[in-house]
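Residue numbers (the numbering used here), protein chains in the order written: chain S, 1 to 107; chain X, 1 to 429; chain C, 1 to 124.
These are computed hints drawn from the structure, not numbers from a lab. Glycine residues also receive a C-beta, built at the ideal position from the N, C-alpha and C atoms. Incorrect hints may appear among the rest.
In silico DSSO-like links for lysine-lysine, alpha-carbon gap of 27 Å or less [what the hints assert, rightly or not]:
1. C:74 to X:388
2. X:388 to X:329
3. X:329 to X:165
4. X:228 to X:329
5. X:396 to C:74
6. X:213 to X:165
Pair by pair, the computed Cβ-Cβ distance ranges are [to be verified]:
7. X:181 to S:93: 25 to 33 Å
8. X:193 to S:36: 29 to 37 Å
9. C:97 to X:317: 27 to 35 Å
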Amino acid sequence: MERPRLRLPERVRAGDVVPVRALLMHPMESGLRLGPDGGRVPRRIVYRIACSFEGEPLLVMDLEPGIAANPYVEFAFLARRSGTLTVVYTEDGGAETAVEAFIEVEA
Amino acid sequence: MTATRQPFTATRRRVLGLAMLATGVMAVSARGATPAPPRIVVLGGGAGGAVAARTAKRLGGEAVSVTLVEAAPSYVTCFFSNWVIAGLRAMEDITHGYAGLAADGIAVVHGRAEAIDRDARAIRLATGETIPYDRLILAPGIALRHEAVPGYSEAAALTMPHAWKAGPQTTLLRSRLEALGPTASIVMLVPPNPYRCPPGPYERAALMAHRLKATGRAGARLTILDAKETFSKQALFQEGWERHTPGMVQWLPPSVHGGILSVDPATNSVETGLDVFSGDLITVIPPQQAAPIAVDAGLADPDGWCPVVPAAMRSPMDSFVHVIGDAAKAGEMPKSAFAAASQGRVAAVAVLADLLGWPRPEPRYFNTCWSLIAPDDGVKVGALYGEKAGGIATVKGFVSQPGEPAAERRRAVDEAENWYAAITAEMFG
Amino acid sequence: MTGQPAKRGVAAVLGAALLTMPAAAADDLRIAYLAATCAGCHAPRADAPADPAADSPMPALAGRPADDTLAALKAYRDGQRPSAVMAAAVAGLDDATLAALARHLEATSPPNRPNASGQPGAAP
Ligand SMILES: Cc1cc2nc3c(=O)[nH]c(=O)nc-3n(C[C@H](O)[C@H](O)[C@H](O)COP(=O)(O)OP(=O)(O)OC[C@H]3O[C@@H](n4cnc5c(N)ncnc54)[C@H](O)[C@@H]3O)c2cc1C
Numbered sequence: 001m002e003r004p005r006l007r008l009p010e011r012v013r014a015g016d017v018v019p020v021r022a023l024l025m026h027p028m029e030s031g032l033r034l035g036p037d038g039g040r041v042p043r044r045i046v047y048r049i050a051c052s053f054e055g056e057p058l059l060v061m062d063l064e065p066g067i068a069a070n071p072y073v074e075f076a077f078l079a080r081r082s083g084t085l086t087v088v089y090t091e092d093g094g095a096e097t098a099v100e101a102f103i104e105v106e107a
Numbered sequence: 001m002t003a004t005r006q007p008f009t010a011t012r013r014r015v016l017g018l019a020m021l022a023t024g025v026m027a028v029s030a031r032g033a034t035p036a037p038p039r040i041v042v043l044g045g046g047a048g049g050a051v052a053a054r055t056a057k058r059l060g061g062e063a064v065s066v067t068l069v070e071a072a073p074s075y076v077t078c079f080f081s082n083w084v085i086a087g088l089r090a091m092e093d094i095t096h097g098y099a100g101l102a103a104d105g106i107a108v109v110h111g112r113a114e115a116i117d118r119d120a121r122a123i124r125l126a127t128g129e130t131i132p133y134d135r136l137i138l139a140p141g142i143a144l145r146h147e148a149v150p151g152y153s154e155a156a157a158l159t160m161p162h163a164w165k166a167g168p169q170t171t172l173l174r175s176r177l178e179a180l181g182p183t184a185s186i187v188m189l190v191p192p193n194p195y196r197c198p199p200g201p202y203e204r205a206a207l208m209a210h211r212l213k214a215t216g217r218a219g220a221r222l223t224i225l226d227a228k229e230t231f232s233k234q235a236l237f238q239e240g241w242e243r244h245t246p247g248m249v250q251w252l253p254p255s256v257h258g259g260i261l262s263v264d265p266a267t268n269s270v271e272t273g274l275d276v277f278s279g280d281l282i283t284v285i286p287p288q289q290a291a292p293i294a295v296d297a298g299l300a301d302p303d304g305w306c307p308v309v310p311a312a313m314r315s316p317m318d319s320f321v322h323v324i325g326d327a328a329k330a331g332e333m334p335k336s337a338f339a340a341a342s343q344g345r346v347a348a349v350a351v352l353a354d355l356l357g358w359p360r361p362e363p364r365y366f367n368t369c370w371s372l373i374a375p376d377d378g379v380k381v382g383a384l385y386g387e388k389a390g391g392i393a394t395v396k397g398f399v400s401q402p403g404e405p406a407a408e409r410r411r412a413v414d415e416a417e418n419w420y421a422a423i424t425a426e427m428f429g
Numbered sequence: 001m002t003g004q005p006a007k008r009g010v011a012a013v014l015g016a017a018l019l020t021m022p023a024a025a026a027d028d029l030r031i032a033y034l035a036a037t038c039a040g041c042h043a044p045r046a047d048a049p050a051d052p053a054a055d056s057p058m059p060a061l062a063g064r065p066a067d068d069t070l071a072a073l074k075a076y077r078d079g080q081r082p083s084a085v086m087a088a089a090v091a092g093l094d095d096a097t098l099a100a101l102a103r104h105l106e107a108t109s110p111p112n113r114p115n116a117s118g119q120p121g122a123a124p
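One chain only, chain S, in its complex shape (with noise of 0.2 Å):
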């Protein structure tokens, strides 16, 4: 898989509401594709994103075959201390890619 792309803001204030933004350049293969032999294009999909702080799950999204190429999530979580956001996605066949960033909150 590729590497992951990841927003966030470096610097925060505790309460912030952090926008987070990211971005894996992947096919969403969906299966049901007829390729140029004619047969089914086998199905490839990020089927799992998700999202940690510090360890403590965030956010888990369970994707469909309906979902376009480039699977882009974009959602806010609350900042009250510093750390590091981690987003996981697992394709079919269990394959995981990971991107974090470090974000600083100040009291």
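Let chain S serve as the given structure and place chains X and C with the ligand on it in line with the hints.
For chains X and C with the ligand alone, coordinates are given in the frame of chain S:
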């Protein structure tokens, strides 16, 4: 100047011959009008201008004088330049000279026009020479607004080619593509509407990916950072990219990449609202506007494009000037060579009708844009346009569909090749 | 101006003729204009066989028998011959116009000049 109005039923088979011509000219002279035929000057010898000049001469004959002013000694077509970048055509195949126009009796002046003196109705060339006109058909194409992309410039285009004006830039992009490694990453910036050739960037992406794959570099990746949320023939392209070059082409709209902030030729990178995208090759298609000669003459709106009256492609700012092709705001018509040629015919016929006192035929604007998704997979979109509510709007359109049989797609490639032969024959003889 | 009508054939003579004769010539300019719009796609391909019946998506129209052209144009317009492009191209043109156009095309001799470099423009 008006021509005599008499009933006329002759067909071209009943040739009237030169006696008639002489009578016509003398009749005009005898009434004390200008003895010399009225002067039609066409500025710009591209798809629009060359077709306008040849149409005016072919239909106007000796009743008008037609002059074409063109800066370049030869014309490299942007159309089919994507084929060159992918190695499907050579530069010679898309380079054309103007000898055929001269042979038609068109006075071809090679020189850069510096200004249009609308009061004196004359064009001033860089050499200082002036060329007076009775009607001007202005077809100067586009200017690339390099500065609209922070960090980009004409100098930066030598590192980050645009290849959106065909010529050395086309050759540069082609050689940069050839030099890429098996897992290279390419980033392509695509401008907001309106711009020259709406499907062009996506055809280019398909053909670049095709070339990479065909030369053992299927591990390469091309990321399109678009200024738009949707684009021309989107479903066809997206389906085609995946089918022919799976995983090689990624397209990101601004809602995902967060908007283009700047480019940096020194580090070969692009900063967006989301992240920094770096690549082994970055190609930047900058935003555009009408060429400077039209803007400087006060024929453009504040948005940088020239408005026109739909019935004749005439400028609402100057009734002696018609603006055609990419420089014009032709309603729903895209900026294509096909459209420019279609507008060129309309303007030529309108000018003839106007100068010679003939009734003006109703325009039938038409366009078809063929695009290659792969060398044997062509798609098209097009329409007949007419005057509607003061603008140019679609009357009847058509577009290829996803999942069409391969034979139909192959046929569209044939059509594209036929069209190329036809338009270049119409432009250059 | 070096144009020699005699050398340039029928098309130049049309221009000369039109000069002196509007009214119905109005119609001639209209038909000549319509014919010019066809040339946007239908020019003989330098590498195509001269036989107009040869399979080409855009056959050359110049010199074709008017009856054949007229029948095809009507069939496209009326949806009897499927082609989305041609249906749009002839949309709204009446029978008389199509007939005049077909006659005009028949009377046109095909331009077949190589370009400046002596090479056909789209030679592969
Ligand atoms: C990659 C690419 C692919 C394309 N593919 C297609 C396609 O498949 N089909 C299609 O229909 N269109 C296609 N196009 C679009 C097409 O090239 C343009 O729409 C078309 O060239 C516009 O014609 P024009 O006459 O307005 O301008 P141009 O063709 O740009 O001609 C303008 C001319 O004016 C001259 N000029 C400008 N200013 C001056 C001056 N001051 N003095 C003297 N001369 C001057 C220039 O030298 C130039 O020759 C493509 C474009 C690109 C970039």
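Of the hints given before, which are not true for this structure?
Those not satisfied: there are none.
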